[in-house]
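Asks: Line by line, the protein sequences are chains A and B.
Note that full-length UniProt numbering numbers the first sequence so that position 107 is 107, with each residue one more than the last.
Note that full-length UniProt numbering numbers the second sequence so that position 171 is 171, with each residue one more than the last.
Think of the hints as simulated: they come from the structure by calculation, not from any bench.
All figures in this text were calculated on a predicted structure; none of them were measured in a lab.
Where hints are given, some of them may not hold.
Chain B side only, calculated, beta carbon under 8 Å to chain A, not exhaustive [as the list claims (entries may be wrong)]:
1. N111
2. E114
3. G118
4. E246
5. A250
6. L251
7. A253
8. T254
9. P265
10. R268
Backbone N, C-alpha and C fix where the C-beta goes; we use that ideal spot for every residue, glycine too.
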Amino acid sequence: MAKRVSASNVTAYYGGFKAIENINLTVEPKTVTALIGPSGCGKSTFLRSINRMHEVLPGARVEGSLTIDDQDIYDRDVDVTAVRRTIGMVFQRPNPFPTMSIFENVVAGLKLNGVRKKSILEDAAEKALRAANLWGEVKDRLGKPGAGLSGGQQQRLCIARTIAVEPQVVLMDEPCSALDPISTLAIEDLMFQLKDKFTIIIVTHNMQQAARVSDRTAFFSIEKTGDPGRLIEYDNTQKIFSNPSVKKTEDYITGRFG
Amino acid sequence: MGETPHRSADAGTGGTRVTQSHEWPAGASARVAEAPVSTRSPGGTGLGGGGALPRSRKFGAERAFRGLTLAAGTAVLVIIAAIAIFLVAKAVPALRANTENFWSYEGWSPNETEPKFGIGALAFGTVLSSALALLIAVPVALGIALYLSHYAPRRLGTALGFLVDLLAAVPSVVFGLWGRDVFSSPVRDFSVWLNQHFGWIPLFGGDGPFGASVMLGALVLAIMVLPIITSLSREVFLQTPTANEEAALALGATRWEMLRTAVLPYGRPGIIAAMMLGLGRALGETIALALTLGITFGISFNLIQNGGNTIAANIANAFGEANETGRGALIASGLVLFTITLIVNITARAIIYRRREFTESAA
Ligand SMILES: Nc1ncnc2c1ncn2[C@@H]1O[C@H](COP(=O)(O)OP(=O)(O)O)[C@@H](O)[C@H]1O
Ligand SMILES: [Mg+2]
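Just chain A, with the same shape it has in the complex (with noise of 0.2 Å):
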């Protein structure tokens, strides 16, 4: 269930812009990797690289290979997707479907996999809802909009639609950067269960966040406005948080700049 991530020499575009740079880094499957750097550094390009929804934007392109179990995603064959079926995302701001209810949204990936059936459609919702935390709050008014939640729950709603199709990875893209400090806790939280099964990626503007939930922190960053953003250092977020290697990322996280 849960899947190794290579990307090697991996560049992005979007048109002419060349936005990251020759990426190298491997993540492990059941553990939290966390992306960490100043803005516009590349971070969300990296990562909507890893399921090709960085190529849904007119002239954007990646190059180098990605692969997740030695597969590589971007091979001609490949259907994307299934790609995206096997690595599921979750946005920066909660995005559930406005015109669909609590129940719809969960099931919404299993109905676009061919899945009709009510009672599958049914068990597999009450799985994931109670997998993101959030059966509890929901399980009374499944049938309610989902826009009509609370901003955590919502995300919480979009983690359980993301999870509902049983993925291999799941890249989070800065998911509690909208939330209150609650709902973040309670997102944070529901980071640690799900490593024991998916494989999690996520970017963080947030440094606490990242030495809290994440056993591998990659820390990108660019040169100056207009350069490429590149991978300056991947280790253990331990050691990154305590003792990095490079001097830039120690700068960045101790706040001397960024």
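Given chain A's structure and the hints, the job is docking chain B with the ligands onto it.
Replies: Below, chain B with the ligands without anything else, positioned relative to chain A:
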């Protein structure tokens, strides 16, 4: 750290092609709810000057504006009421003079000494040709709108969208003349073919002549309402939040599945509104149908034989030689048309209202 959420939001939002102003409605409303109560800017306290609070002004712009809007609103209501009273007053004597049943009589001779006229066939023809037109136009319009909003390259989409808008501005008499003089002959050929092969279906039965039929009228109507429905639906589809489109794609949806999961449901109220506008135009369309329909006064489901008539086309055709009673009868038919349009609108509103819980949080 210096990374504001807004800054890094750029990468997340830059999705397929959607206006910036409508991104993330759900998240946005939730955020507003959870944001700490903002205090007013410190400069605001300066006005009070530490003394007593100023008294509210009795005659400010606020009051004047309120009075103006109230007057305008009242004037509109009064004018509408006056028109309604005038029309009813004209219609009632004609309806009294009618020697046949107004609802069921199939014919229109109100100018004779014993006036005979009935609305049934006309109302039927109106609804039939409009419904048929909508049935033809809506799938085509939605297809074009989806293509323009989500498949065509952005520049091409904008250019073609502009072209479609231009088409909406073509006067209906042009469509009518084109339908009568140009389009009728292929429709006649097609009708003959239908009659030969599918004549056993009552819709396509009969033994001619063909051409100036409900089919021709409905096709011309369909072409006329196509631009409105296309243009509005395209607008609505473009407003789908990028975040929702990306959510669907990230779940492994193909582009068509993404459209079905995120775009079409989001646009549903807009599509219904667009359809209703189209239907409104079709129901009230006068000259194009007066030119293309065969003008008969019978209730028939036959689509291809010469015939068909609508309330509005009948008004256009009969008004010229109508006497006092004739005009009253036509006004009465106009009131019936108005009622039909009203029912259509109320139904549409009811449909939109039923799902309000789901659409309001999206708006
Ligand atoms: N849709 C886009 N089009 C063009 N450039 C973009 C787009 N999204 C991001 N960028 C640029 O790519 C670089 C990396 O952005 P991003 O990956 O969002 O950084 P981060 O998530 O680390 O803040 C930035 O310079 C940003 O301006
Ligand atoms: Mg980002």
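Asks: Could you tell me which of the numbered hints above are not met by this structure, giving the numbers in increasing order?
Replies: Violated hints (numbers, rising): 1, 2 and 3; every other hint is consistent with the structure.
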